[in-house]
Amino acid sequence: QEGICGARADTIVARNLLRHIAAGAAAHSDHSREIVRTLRLAAEGNSEAYRIRAPQKLRALAEEYGVRTDGRSDQEIARDVAELLSAEFGKQEGLLRNLHRAPEQQRKNWAAAGVSPRGIDREVVTGLHMTNMGVDNDPEHLLLAAVRTALADGWGGSMIATDVSDVLFGAPHPLRSRVNLGVLKEDEVNILVHGHEPTLSDVLVAASRDPELLAEAAARGAKGINLAGICCTANEVLMRHGVPIAGNFLQQELAIMTGAVEVMLVDVQCVFPALAELQKCFHTKVVSTSPKAEFPNAVHIEFHEEHAMETARKIVRVAIENFSRRDPAKVNIPKVQSPVVAGFTTEVIHRILGGRYRPSYRPLNDAIQAGRIRGVAGVVGCNNPKFPHDECHLTMVRELIRNDVLVVQTGCSAIACGKGALMMPEAAARFAGKGLEEVCRAVGIPPVLHVGSCVDNSRILTACAEMVAEGGIGDSFDRLPVAGAAPEWMSEKAIAIGMYFVASGINVVIGQPLPVEGSQYVVDLLTRLFEKHFGATWTFERDPVAAAHHMIDIIDRKRAALGLPPPMYETPYRPKTLEVQVPSGAAVAASAYSPSGDGVLSGSHPCGSVVRAAGGAEEDV
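Residue numbers 618 to 1238, in this note's numbering, belong to the letters of the sequence shown in order.
Hints are not guaranteed to be accurate.
As the list claims (entries may be wrong) - Mimicking SDA-like on lysine to any residue, the simulated pairs with C-alpha atoms at most 25 Å apart in a straight line are:
hint: 1; residue 1: LYS725; residue 2: THR1079
hint: 2; residue 1: LYS840; residue 2: GLU938
hint: 3; residue 1: LYS1051; residue 2: LYS952
hint: 4; residue 1: LYS1051; residue 2: GLY1089
hint: 5; residue 1: LYS952; residue 2: GLN896
Read the hints as simulated data drawn from the structure, not as lab findings.
All chains, full assembly: derive it from the sequences and hints.
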């Protein structure tokens, strides 16, 4: 079948996926643009609310980008760095600067496939142009454009947002806090920050601690001002200030239904339009702040970085005034919260593993080589109402760590596992396999590491780059014993994240299929044929335990290809093994998902695609 113009389902499906990824990349990258603009304001002294809080990281970035630092102030350096990074969005010639952070093999793969990203905005615009009627009609070419757009997000917009946020708001460090709706307080003014951009929420932390505003709250009968977060804004202020998290994506309505929230401040992304209607049942005021996102029936207090503290104080006063309107009969705060340790970054892991005087990823690589740690998994992404709340995240992560896989997390997935008590060092003794437990006990870390918000998935990329640079477990991402997952994805941003991980050589498992099942050809490209371009593919698997086992199979296959021994200790999941060829030509045991002679993954895929069996014959599964 084909449309009246001649477009077939393969083309239409590929176009739509590219549009999804362009939207996701645009969301992350527009976020990033605002952070870079704020850095410029701080450098030029045009906003008293912002300053350089991580000068060491600023100077490291400057040296990496070739900006002169000798004899110059932080403000002078920041101005030049901001100008250089601003140019990455509208760049017309050359490639993105941060591509040099990727291993050489990944850069070669991108060049060979024609997907090396150029300007961030250029890739989004070009991708959308290609989907217009009568432009690109080749499904594989459209998917490669989707890859290039996603890479512009991961190695461009998101990575820039992470770096500049650290410079402006402070480099995260391990700290203790609490998570779940029980962090709300009956006797204090409760303000929830919800969304993604930290420029206002970070200033709101300072405003909520202002003695003058605290006195105003006391005059209204409140014992204090309690700030907490929802979604990725919560992760931003958690890992820098220890601000507690009230919940993740699917708890935003529940937070209002406690009857104890004076103001829910929202900016962009993942905000339910229903909040403005729900607030009518309670005293809560939903306050929108972004020029990009208005909500009918919400209070709109537009935020501009030049007047950040003034706006933050105004919002806090709205909350204080609203405290007296709270109906005690409607207040019902669940008495449940969990302790959490957050604030792990690429640099923090360096210091924790190697010590103050010799920071290094060597201990992690050694533990993987020895089999004490089986591998590393990134479990990230959203909540999805098609699944029981948080269940897929918790089930998958527990299965991974009990099989000695160290897990790193971002976004709502991280919040889910924080609520599940998996982000405390004590969790290793309760949930982790013996090998992982030994490492966690020796280093003093949880078996599940909180590394930030959704843009901070770029930290996982740079951590993998450090593992490659340290050596011994693969000279490119596609050889590392690592895997990724988004068990409850729902946002277009998650599709972009998954695509830039696959394109970087990391296999990704997701809980529900991408919206591509109208084309078996596109399904095959994503789940099988991408292997030839990037050394990684997508897998669709709703069952979180089966998905975790698939990730372990991938990790075991990578270990076998590197000639590494099996896990040091007996693990609950022992996959069936078969003989595969490794670069040395020796036959070693690997998992059932093993590379066939042409480099295509063999084994079954839940999407029902055609795969190549060990003998080279195709079979339906």
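Right, here's what the structure says about each hint:
{"no.": "1", "hint": "LYS725 x THR1079", "in the structure": "18 Å, holds"}
{"no.": "2", "hint": "LYS840 x GLU938", "in the structure": "14 Å, holds"}
{"no.": "3", "hint": "LYS1051 x LYS952", "in the structure": "33 Å, violated"}
{"no.": "4", "hint": "LYS1051 x GLY1089", "in the structure": "23 Å, holds"}
{"no.": "5", "hint": "LYS952 x GLN896", "in the structure": "22 Å, holds"}
Going down the numbered hints, you'll see the structure goes against just number 3.
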